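Colleague: Spelled out from the first residue to the last, the chains are:
There are 2 protein chains.
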Amino acid sequence: MKQTKDPFPTIYDVAQASGLSIATISRALNNPEKVSPATRERVMRVIDEIGFVPKADARARALQNTGRIGVVSPFFTAPSFVQRLRGIADGLSSTHYEMVVYPVDSGEHIKHYIQTLPLTRSLDGLIIVSMAVSDDDARRLRDYQIETVLIEFPHPKLNTIEIDDFEGGLMAGQYLIDKGHRQVGFLGVAGLPEFAIHPESRRLAGFRKSLARAGLTLPEAYICNAPYRLELDESVQKLLELAERPTAIFAATDLQAMGLLKIAREKGLCVPEDLAIIGFDDIDFADYVGLTTIRQHMYQSGKLAVELLLSRLKQPDLDVQHLKIQLELVERNTA
Amino acid sequence: MKQTKDPFPTIYDVAQASGLSIATISRALNNPEKVSPATRERVMRVIDEIGFVPKADARARALQNTGRIGVVSPFFTAPSFVQRLRGIADGLSSTHYEMVVYPVDSGEHIKHYIQTLPLTRSLDGLIIVSMAVSDDDARRLRDYQIETVLIEFPHPKLNTIEIDDFEGGLMAGQYLIDKGHRQVGFLGVAGLPEFAIHPESRRLAGFRKSLARAGLTLPEAYICNAPYRLELDESVQKLLELAERPTAIFAATDLQAMGLLKIAREKGLCVPEDLAIIGFDDIDFADYVGLTTIRQHMYQSGKLAVELLLSRLKQPDLDVQHLKIQLELVERNTA
DNA sequence: TGATATCATGAAAGTGCTTTCATGAAAGTT
DNA sequence: AACTTTCATGAAAGCACTTTCATGATATCA
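First to last, the protein sequences are chains L and A.
With positions in the first sequence counted from 1, the corresponding number in my numbering is that position plus 10.
With positions in the second sequence counted from 1, the corresponding number in my numbering is that position plus 10.
FYI, nobody ran anything at the bench for these hints, they're computed from the structure.
This structure is a prediction, so every number in the text was calculated from the model and none was measured.
Note that CB positions come from ideal geometry on N, CA and C, so glycine has one too.
The reader is advised that the hints may include incorrect statements.
[Unchecked claim] Pairwise CB distance ranges, derived in the manner of DEER restraints: (1) A/Arg342 x L/Asp329: 26 to 34 angstroms; (2) A/Asp327 x L/Asp297: 31 to 39 angstroms; (3) L/Glu338 x A/Thr227: 49 to 57 angstroms; (4) A/His122 x L/Pro203: 35 to 43 angstroms.
[Stated by the list, open to error] In silico lysine-lysine, BS3-like type, Cα no more than 25 angstroms apart, as pairs: (5) L/Lys121 x A/Lys44; (6) A/Lys334 x L/Lys277; (7) L/Lys272 x A/Lys272; (8) L/Lys324 x A/Lys65; (9) L/Lys272 x A/Lys277.
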């Protein structure tokens with residue numbers, strides 16, 4: 011009667027109630043084959059009776075692992091990042107791992123995370139999304155043997171899921187050129203905090219390359235940078251008000267492409283006739299608005315990241331891997 | 011020299027290196043005033059030297075708190091839910107709490123979580139979003155003294171952030187009536203899994219009430235249910251092809267309202283002239299597409315939930331609270 | 001100067017589990 | 001019948017901290 015009242019029965023209670031030792035209870039739970047069937051039966055019945063559930067932290071302590079993997083990400087609620095998060099969550103859902111999300115909104119934050127997370131030992135693995143990791147950080151992560159997978163920012167010493175931003179920019183440019191455009195512009199990202207990475211510069215580089223190959227140039231006046239959100243600023247207005255404005259624009263992100271699309275339409279421009287627009291990312295809403303874009307399969311990148319992480323957790327001596335996500339041009343109605 | 015090589019110095023290493031006992035080290039860290047200034051100085055110097063960081067889980071175990079709060083949510087990557095998540099994350103960011111996300115995608119899942127999370131005791135608090143909680147579940151959560159805040163689904167015995175769906179439906183209906191509409195329809199949610207809650211029925215009830223007050227009725231033919239996503243199914247097509255179709259439709263969620271908007275436009279209908287549309291939620295993209303809607307301030311609900319949770323964590327004997335989020339009609343271009 | 005209060009410190013218990021190692025019984029072998 | 005394996009089980013150590021309680025050393029008071 012005492013046991014049934016106890017709100018938190020421990021393994022000791024189970025042992026006592028069943029007349030066995032805690033070692034046997036533990037075995038029945040974790041290595042059932044090491045226990046006789048009869049005993050196993052008995053243990054299970056008692057467990058059900060008194061409602062025993064192993065305490066996670068005690069288990070973690072003894073096991074030297076925590077059953078938790080951390081995800082550190084900036085803008086984790088931005089559409090594209092959410093898709094990634096979904097991939098991670100799905101990848102983790104079939105395992106017994108929990109997902110701890112560390113939103114980072116300042117440079118202090120990330121430094122702090124990288125410095126203390128490995129030390130407090132409260133995580134089995136770490137997925138770092140779209141954040142620059144210094145050699146120092148990388149060394150620290152390795153020294154403290156916390157398995158880490160980087161998404162988007164590559165580091166030679168760490169597992170990485172890479173996006174070939176250069177290639178993506180090249181694809182976008184080539185596509186526009188093939189469509190006959192000769193005056194093309196670029197919409198980049200402005201005002202990104204210093205701790206975030208800047209993939210748009212590589213997208214721009216690839217874009218430039220494609221133009222060069224076709225003997226075209228990208229005039230300074232055709233390059234515009236705007237904040238990473240739906241509401242763009244006046245610099246975009248100006249670009250569209252140019253006497254000789256571009257006939258096509260490659261936006262470094264879908265979010266901005268959508269902002270651009272809206273402004274263009276407000277100005278009475280027909281898309282794609284007057285102005286072709288191609289984005290990058292393929293966020294969920296891209297399909298809704300019919301945005302032509304370069305898909306980088308965010309969901310898949312997240313899922314891949316956890317698969318990579320899990321495989322390393324199982325076999326820690328595996329070589330560091332650098333996977334590349336396949337880019338894909340999705341043709342819709344804006345270009 | 012041994013200490014400096016050890017990648018994970020423990021409190022014992024600090025004790026040995028400083029010639030003090032682990033008890034004193036612990037005190038110097040947690041109750042500095044209980045230790046002589048000289049000793050404190052000495053301890054700190056050694057800690058810095060060998061790079062000691064207390065292991066979080068060991069600390070949690072001894073302290074009986076974990077520094078972690080759990081968020082269980084369905085569809086946690088759907089636009090509206092993400093906004094809520096952002097509110098929760100922001101609310102938590104100024105604290106030392108970590109956010110563990112438990113995505114639920116099956117009924118088994120939620121039952122399982124509610125039954126085991128409190129028992130494994132690896133969480134200080136729990137925020138349950140948009141999930142039905144039975145009396146049994148509620149009792150269990152209380153018995154096992156895990157502080158819980160429910161969002162959207164109210165329970166008398168637990169803290170709740172409520173949304174007045176009935177009132178929202180009423181507001182939507184009243185607005186359409188005031189605009190002169192007499193033939194109004196309703197777009198509800200179909201195919202929601204059984205573990206999710208169904209706020210749309212209350213939204214519908216409120217909507218009906220407003221119609222009744224104006225002497226109007228809602229014909230069966232004007233009620234349509236479609237999946238909770240951007241791509242709606244043919245039932246919506248049929249509604250719009252009715253000989254005498256409604257002049258206005260209240261969609262139970264913004265996501266569906268946007269789907270409806272797209273279909274209407276594809277059919278050549280002018281919105282709002284031919285068909286007025288009003289949604290519910292005010293997701294981020296609602297502003298982009300100019301959707302008139304009932305805002306339920308998802309972000310705020312999340313933030314409020316953590317504030318409520320934190321205040322209860324500090325003062326556990328506080329009475330259970332039931333907060334109501336203020337709804338707000340946001341007039342844009344679709345109605 | 002002897003008795004008492006104050007204070008910094010250390011020893012040890014507690015936290016709830018896993019796992020190694022030892023033990024004794026049953027089964028198999030010759 | 002004596003001996004070796006095999007197998008289920010229990011005792012106990014280990015995980016890395018916090019905190020209570022006891023102790024001995026000072027400081028305080030009469």
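Colleague: Now look at each hint and say whether the structure bears it out.
Modeller: These are the hints, each one checked on the structure:
1. At about 54 angstroms, the beta-carbon gap between A/Arg342 and L/Asp329 misses the expected band of 26 to 34 angstroms.
2. At roughly 51 angstroms, the beta carbons of A/Asp327 and L/Asp297 sit outside the given window of 31 to 39 angstroms.
3. Between L/Glu338 and A/Thr227 the CB atoms are about 50 angstroms apart, so this pair conforms to the stated range of 49 to 57 angstroms.
4. A C-beta distance of roughly 39 angstroms is found between A/His122 and L/Pro203, which places it inside the suggested range of 35 to 43 angstroms.
5. For the suggested pair L/Lys121 and A/Lys44, the alpha carbons sit about 32 angstroms apart, so the restraint of at most 25 angstroms is broken.
6. Distance restraint check for A/Lys334 and L/Lys277: the Cα-Cα separation of roughly 42 angstroms exceeds the 25 angstroms cut-off, and the hinted pair is therefore not satisfied.
7. Straight-line distance between C-alpha atoms of L/Lys272 and A/Lys272 comes to about 15 angstroms, which keeps the hinted pair within the 25 angstroms bound.
8. Distance check on the hinted pair: L/Lys324 and A/Lys65 sit about 23 angstroms apart at the alpha-carbon level, within 25 angstroms; holds.
9. Restraint check for L/Lys272 and A/Lys277: satisfied, since their Cα atoms lie roughly 21 angstroms apart, inside the 25 angstroms limit.
In the structure shown, a violation is registered for the earlier hints numbered 1, 2, 5, 6, in ascending order.
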